[in-house]
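From first to last, the protein sequence lines are chains A and B.
Mapping to the UniProt record's numbering: the first sequence position 19 is 19, numbers consecutive.
Mapping to the UniProt record's numbering: the second sequence position 256 is 256, numbers consecutive.
Calculated from the structure, these hints are not laboratory results.
Since we're looking at a predicted model, the values are computed, not measured.
Each hint should be verified, as a subset may be incorrect.
It does not matter which identical chain is meant; a pair holds if it fits inside one copy or across any two.
Under the rule of at most 25 Å between Cα atoms (straight-line distance), these lysine to aspartate or glutamate pairs were calculated in the DMTMM-like manner [unchecked claim]:
1) Lys23 <-> Asp180
2) Lys324 <-> Asp180
3) Lys319 <-> Asp180
4) Lys285 <-> Asp16
5) Lys69 <-> Asp89
6) Lys442 <-> Asp193
7) Lys211 <-> Glu10
8) Lys151 <-> Asp180
9) Lys23 <-> Glu157
10) Lys319 <-> Glu26
11) Lys151 <-> Glu26
12) Lys97 <-> Asp85
Protein chains: 2
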Amino acid sequence: MAQNGCEHSERVLTMDTMNPNVKRVEYAVRGPIVQRAVQIERELNMGIKKPFTEVIKANIGDCHAMGQKPITFFRQVLALCSYPDLLEDSKFPEDAKSRARRILQAISQGIEMIRQDVARYIERRDGGITCDPDNIYLSTGASDGIVTMLKLLVSGEGVSRTGVMISIPQYPLYSAALADLGAVQISYYLDEDNCWSLDINELRRALQEAKKHCSPQALCIINPGNPTGQVQSRQCIEDVIRFAAAEKLFLMADEVYQDNVYAEGSKFHSFKKVLFEMGPEYSEKVELASFHSTSKCYMGECGFRGGYMEVINLDPEVKFQLTKLVSVRLCPPVPGQALLDVVVNPPQPDEPSYDTFIKERTDTLATLAEKASMTQEILNQVPGIKCNPVQGAMYTFPREGTSSRYVLLYEASGRKRHLFGSWQMTILPPVEKLKIVLAKIKEFHQHFVEQYS
Amino acid sequence: MAQNGCEHSERVLTMDTMNPNVKRVEYAVRGPIVQRAVQIERELNMGIKKPFTEVIKANIGDCHAMGQKPITFFRQVLALCSYPDLLEDSKFPEDAKSRARRILQAISQGIEMIRQDVARYIERRDGGITCDPDNIYLSTGASDGIVTMLKLLVSGEGVSRTGVMISIPQYPLYSAALADLGAVQISYYLDEDNCWSLDINELRRALQEAKKHCSPQALCIINPGNPTGQVQSRQCIEDVIRFAAAEKLFLMADEVYQDNVYAEGSKFHSFKKVLFEMGPEYSEKVELASFHSTSKCYMGECGFRGGYMEVINLDPEVKFQLTKLVSVRLCPPVPGQALLDVVVNPPQPDEPSYDTFIKERTDTLATLAEKASMTQEILNQVPGIKCNPVQGAMYTFPREGTSSRYVLLYEASGRKRHLFGSWQMTILPPVEKLKIVLAKIKEFHQHFVEQYS
Ligand SMILES: Cc1ncc(COP(=O)(O)O)c(C=O)c1O
Ligand SMILES: Cc1ncc(COP(=O)(O)O)c(C=O)c1O
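With these hints in hand, go ahead and build the complete structure from the sequences.
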């Protein structure tokens with residue numbers, strides 16, 4: 001890259017002197033395609049004519065940026081917490097005010113109450129299996145919890161360097177964090193031919209191979225899956241837990257899409273619940289960290305950076321170290337904590353905001369379910385595109401070409417396969433926009449096949 | 001530490017297997033004394049009788065927790081951004097509404113506008129020296145920016161491992177981050193006998209010594225200082241810049257207390273401004289990152305985790321890497337970004353909120369100034385305690401004992417010297433509470449001296 005004007009050959013911080021791990025970090029979500037899209041959007045705004053009139057972003061999981069409406073109750077409580085004079089305002093419902101009073105009180109006393117509310121939420125979710133608030137760590141989005149847990153796990157050098165198993169296709173936070181920490185990424189491949197399910201034999205294969213060059217310590221699971229939209233069966237989760245126990249792997253369960261389940265017959269099972277239902281042989285032994293967030297599900301509030309992690313069977317001394325580590329970064333953002341509290345402690349049937357809340361939540365999830373099945377249907381109508389059912393989360397990961405014929409076509413076209421051989425796309429754009437996106441993909445694909453056949 | 005119930009000798013994550021850098025992190029702000037204080041507070045709340053009736057926390061710089069009032073305008077804008085229905089509410093002033101509209105618009109388009117507003121703020125602050133919005137990175141509080149910059153700087157092994165110079169006494173984020181990154185901490189001591197000023201000869205000494213065992217790459221300055229409350233003179237800043245240029249050190253200027261200057265004759269000079277006033281020989285060469293935050297000054301909004309850093313003369317390729325690195329963690333919390341925007345773009349003289357805003361800001365800073373001089377005065381009245389003027393920031397770092405006689409007393413008492421030989425304390429408690437704290441210290445000190453003399 002050229003430097004404007006003066007020469008800086010003698011800089012302190014250069015590509016040669018900088019932290020080499022940072023260079024290894026790859027992060028496609030803000031990569032060249034996105035930058036090009038931003039540029040095109042700017043050009044359109046400037047009035048430059050193009051063969052299209054708008055850029056519809058289907059790359060990131062920011063629900064509100066895609067037009068999904070925030071839940072009214074949550075935003076009312078946040079406004080009340082930001083500016084407590086509004087507690088006198090008769091336009092706010094009483095239950096929003098009482099939540100806000102409780103949160104303001106709690107914040108001035110530390111975050112104990114929010115952790116307790118999270119624990120009660122987990123207990124309700126998991127059919128009564130107890131949750132100790134001392135096992136709850138509030139975090140700056142799930143990302144923060146995930147990176148912190150990975151950081152704790154990484155040690156050793158050479159063949160004893162920590163290896164961490166992650167699924168491919170993956171959510172790029174994982175590979176980026178592992179590169180940044182200098183840990184070894186152990187890739188296991190999800191089974192595209194079986195609705196992107198997780199295959200224990202593939203876990204076994206990846207682990208055996210990795211043992212030759214690193215020390216595998218942890219297994220990361222995303223369920224429901226990003227970017228592949230699959231929801232794991234209870235059986236699969238049991239198998240994973242047994243595998244982790246047998247192979248002595250620390251389990252990390254990324255469950256930020258726990259409310260995003262759409263497909264007939266699919267159901268969300270938390271790793272915690274399954275672990276405890278498997279009895280003390282597992283529930284007293286397997287180390288588990290699970291992550292949740294205010295960014296996804298029907299909330300979609302990724303701007304507030306709220307989240308938590310629950311740790312199970314963590315060594316008490318390690319737990320002390322974890323507490324110390326999170327303290328150094330000071331607390332997660334308070335608005336995110338307040339939001340998390342109303343998410344885990346939403347309006348109850350006897351409260352004035354209940355009906356609106358339920359309606360908004362139901363509508364949001366129903367719209368997502370509609371878009372999930374629409375996406376899958378339209379894409380599968382295109383000859384040569386194969387798209388698994390979007391069982392959950394907010395994404396689809398379709399593929400162009402079911403046979404090697406298409407691979408040859410890609411090569412003939414001189415384009416890089418990964419740009420459009422398989423690709424991730426969100427189902428988040430509003431229904432009308434999503435239809436446009438899907439129609440454009442169909443058109444592009446047919447044109448491409450004709451041109452290069 | 002004992003484990004309740006079952007034995008977990010076979011855990012994956014233990015003190016032996018965990019990341020060794022995490023163990024090295026020390027963080028006193030949430031350490032044993034704070035934990036004891038929390039416990040005592042709980043006992044008092046439970047009605048347990050003690051020789052005192054309350055716990056007054058003078059350990060952390062959380063202004064609002066200490067009773068300082070948030071600025072009305074800021075909170076109004078935040079409430080409006082959280083719950084835009086309030087834009088119809090006649091109780092909110094028009095300028096707060098127009099700011100909120102602007103921010104809501106900007107957020108949906110990305111953070112470009114906020115970075116531009118920050119750049120304009122820096123230009124006004126620095127008497128017109130230009131600031132390029134492309135050099136501004138929004139961060140999750142200043143902490144996040146500091147840790148990110150340190151992370152970029154760390155590389156090498158053995159004697160070529162990166163060393164970073166930090167002041168002692170220090171703000172514990174720095175030592176903690178360096179330990180976590182496995183970098184070498186190079187301590188330079190502030191001169192207690194000269195109002196905690198920075199002495200270039202001491203920098204030189206520390207650097208020469210460090211060169212034997214590491215590769216010094218960066219120099220961190222906190223101005224105004226935490227925990228020591230000093231404000232650097234323009235001359236001192238020039239000397240530091242010359243030193244950094246001569247020794248090829250990357251400068252990190254932590255300026256989160258830039259509005260907190262109280263002492264007659266003290267004035268805040270930004271490193272950026274001084275650097276540019278020293279001419280192109282320096283301003284085109286010295287690499288500088290400076291940090292600011294919504295947590296301190298008259299804002300005191302540490303719960304929102306808003307902040308930014310400005311980078312100067314960063315290698316363009318390194319800058320690209322930095323952009324990538326911050327993208328991995330997704331964006332800083334949106335409410336913090338919104339807050340930062342109103343902080344750098346506050347009410348103007350022709351706007352309805354201006355008078356209240358100025359009054360609140362002035363009152364807050366005047367109260368801090370009053371507490372700064374009160375603290376220094378009362379402590380210096382105690383024979384055997386020496387307290388430098390609190391020129392700026394929100395802290396004092398007094399010392400018990402001006403002669404070795406007191407050191408012997410500490411030893412005779414069997415207590416650890418660092419617990420109370422010198423100690424940091426905030427000036428944040430409300431005036432009445434601060435008086436109680438200071439009286440208690442006086443009493444304790446006199447009692448202690450009598451008992452052990
Ligand atoms: C699987 C998965 N985990 C974690 C995250 C990060 O969530 P947060 O916004 O809570 O940091 C995402 C966000 O897209 C995700 O898809
Ligand atoms: C010198 C200094 N730098 C940085 C910080 C961190 O500030 P923030 O809350 O913006 O992360 C503090 C907070 O006390 C501080 O005193």
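Each hint, compared with the structure:
no.	hint	verdict
1	Lys23 <-> Asp180	both (8 Å within a copy, 19 Å between copies)
2	Lys324 <-> Asp180	both (21 Å within a copy, 12 Å between copies)
3	Lys319 <-> Asp180	both (23 Å within a copy, 16 Å between copies)
4	Lys285 <-> Asp16	between (45 Å within a copy, 18 Å between copies)
5	Lys69 <-> Asp89	both (24 Å within a copy, 20 Å between copies)
6	Lys442 <-> Asp193	within (22 Å within a copy, 76 Å between copies)
7	Lys211 <-> Glu10	between (42 Å within a copy, 19 Å between copies)
8	Lys151 <-> Asp180	both (10 Å within a copy, 9 Å between copies)
9	Lys23 <-> Glu157	both (19 Å within a copy, 17 Å between copies)
10	Lys319 <-> Glu26	between (30 Å within a copy, 15 Å between copies)
11	Lys151 <-> Glu26	both (18 Å within a copy, 16 Å between copies)
12	Lys97 <-> Asp85	both (11 Å within a copy, 16 Å between copies)
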